[in-house]
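I would like the entire structure built from these sequences, with the hints used as guidance.
Taken in sequence, the protein lines are chains A and B.
The numbering of the first sequence is the numbering used here, which starts it at 14 and goes up by one.
The numbering of the second sequence is the numbering used here, which starts it at 27 and goes up by one.
The reader is advised that the hints may include incorrect statements.
With a Cα cut of at most 30 Å, we get these calculated BS3-like pairs of lysine-lysine [said to hold, decoys possible]: (1) K90(A) <-> K175(B); (2) K46(B) <-> K27(A); (3) K123(A) <-> K140(B); (4) K137(A) <-> K98(A); (5) K90(A) <-> K74(B).
Worth flagging that the hints you see were computed from the coordinates, not collected in a lab.
Since the structure is predicted, the reported quantities are computational estimates derived from the model, not experimental observations.
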Amino acid sequence: MDELDLKIINALAKDVQRSFLSIAKEIGVSSKTVQIRYKKLEEEGIILLSCIIVDLSKLGYQGKAYLMITNAANRNKTETMDALKQMENVFTIVEIIAGDIDVLALAAVKDFTSIVNLVNEVRKLPSVDNVEVTFTNDTTFPVGKEFNAVFRT
Amino acid sequence: MNNTVEIDEIDVKILRELIKDARAKLKDIAKKCDVSSTTIMNRIKRLKTTGVITGAVQYIDMSRLGYMQPATIGISLNYSQESQVVKLIRERAKVIMFDQSVGKNDLSIFCVAKNIKELDDLKQLIKKQPQIRRVTINLWSTPYPNFAKLDIQPTRA
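Below is the structure:
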């Protein structure tokens, strides 16, 4: 990764959806160069994904839940994570490498019933020892605009 | 709670495509929805003006930019101190998500740091504030985006 790659990442951080042409103009290279570099950044796994930010409240959701999961001592974490991947509205799964829990799952919450059902589903997993929950009424999916700012220099 | 925007099956498809790739080409979305690019453009415009789509993010492999993977900071504290602690963290940490929450944690913060020391300094600083009951830090491995499982259905406002 070089200076030009960083410039492209920074330009995209301001507006993920802007055209290659407008980025090219800003940093003074050809549109084709930006396109090739972008593709390379994707292929090398530096840019992992780009995703729109959705206000879930407009789609009938009331908030988000953080499920903080302690894995059963004699079970593999991947067992829990694979099961979580199949669960409706669990939109991000994170393996914790150091801390007081083993797996963190973020879920979009429609109503009380849906979250009670989800938590029970997770608790039932043989690889799960304990689930603690924190709620927020923030409905930004998957993360807010602040996320991009981290990469801006 | 009636904040919902009316969306139909085509809107659902558009949202799904843009969640998969915010840079998806109008032409490609149009093909999948079996309508014209102009229709897609107008529909995206509407989804933006009605506040369904509020922006876009890109996930970067943090380790390639000299950061550790993100960490979650969970804080339990006395309510009277909440605004001061929020201000402090906003000033001192590279925050990627900040939620005032209920349940185990009163504040849930996702942030990135260059190294463990930076993170620990932040933790110690938070702990020093009055009326803090508990500060927990959980260090992430690479997060797994499971966006396809978000349930989006056509709605009637």
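So, going through the hints one by one against the coordinates:
Restraint check for K90(A) and K175(B): satisfied, since their Cα atoms lie roughly 20 Å apart, inside the 30 Å limit. Simply put, K46(B) and K27(A) have alpha-carbon atoms about 19 Å apart, close enough for the 30 Å limit, and the pair holds. With a CA separation close to 36 Å, the supplied pair K123(A) and K140(B) exceeds the 30 Å bound. Of the pairs offered as hints, the one joining K137(A) and K98(A) holds, with about 15 Å between alpha carbons and a cut-off of 30 Å not exceeded.
Restraint check: the Cα-Cα separation between K90(A) and K74(B) comes to about 39 Å, which exceeds 30 Å; the hinted pair is violated.
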